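Q: Given next are the chains, with one letter for each unit.
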Amino acid sequence: MTNAKISPKARAILRNRPLSSAIAMALVENSHTLARKNVIVTISDNNYIIKISSSLTVQTKKGK
Amino acid sequence: MNIALSAVIIFILLMPPIAFYLSFTFGRFAKGGPGLLEGLMLSAIFSTVLHGIVLYFIKAETRFDILALLLGGDLKTFNITVTNGTFKNLFLAFVKYNSILISTSIIAGLCFRWLSERFGWHAQSELFRLYNRWWYLFQGHKIQWFANQSTPPDFDIVFVDVLVNTNAGTVIYSGYLVDFVCSGETLDRIYLSETIKREFKQNSGSGEARAIDGETMVIPYSNIINMNLHFVSFPEDMESVPGAEISVSGE
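First to last, the sequence lines map onto chains A and U.
Mind the numbering: the first sequence is residues 1 to 64 in the numbering used here, read in order.
Mind the numbering: the second sequence is residues 1001 to 1251 in the numbering used here, read in order.
Only pairs whose alpha carbons sit at most 25 Å apart, straight line, appear in this in silico SDA-like list of lysine to any residue:
1. U:Lys-1142 <-> A:Asn-38
2. A:Lys-5 <-> U:Trp-1121
3. U:Lys-1142 <-> A:Ile-6
4. A:Lys-5 <-> U:Gly-1120
5. U:Lys-1142 <-> U:Trp-1114
6. A:Lys-5 <-> U:Pro-1220
If you are wondering where the hints come from, they were derived from the structure by calculation, not from laboratory data.
Predicted model, so just to flag it, every value in this text is computed and none were measured.
Work out the full structure, taking the sequences as your base and the hints as a guide.
A: This is the structure in structure tokens:
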């Protein structure tokens, strides 16, 4: 049991390590555009759009 | 003067509001409670009102003289004021009165908790807030507040970029937020899956991204400088996709 929100769909994707790791890399490589845009992951010639509903930055006391 | 006895009696009389509050906010990620002084003051105020209301409806005689005698702690005249048998009956009535009041408070607290969750009041009002602030942040409720929506956005998972102080310098760790631990209102650590590491460069963004081996990475909050959260939704038909021949691009 985890405390973070992980939908059943996300759990299934996390179990598929190559897929979840590729999506993570896609999100990182497009991190400069994440605030406004979505990321397209192409798998076997099929395009999948990973939607970013919102982005939030949390500044800690140490943050500048 | 028996201070311990009067302290115990006063504590028992203060218990109904405390029982209500604890049953309303119990559980994981419970919000931080008021300080000791504030808590005692609030308990005293609510207890006085509550006992006043209940006593208004009790028609039988209430022996305040015995209560005052016990609270005062001067028990020299106790055996003159009350016999053993009478005190037994009064004591049983006191236990019954407090048991009913405390049980009712617990049930009322649980009912309020259920209503607060059922109608989403806990996310909209500070008065009905049930969980600590990190829980609301990671569940997307902050977005709900900012966007003035009635429900938080629908998303599958949170993807986090964390700027972390390490011995080797400042590093950005990115990954799926799979778990987090809080102590009261303070975040203690976060757990990331599929973690990717990049060197943080002050003027030229970030360095090359390198995936970190391992299932889960734990990052203590004390080392975190800031966090960037992305609320990610996966397409409907993606969960059955095999992880082969993958390429990515921004839209």
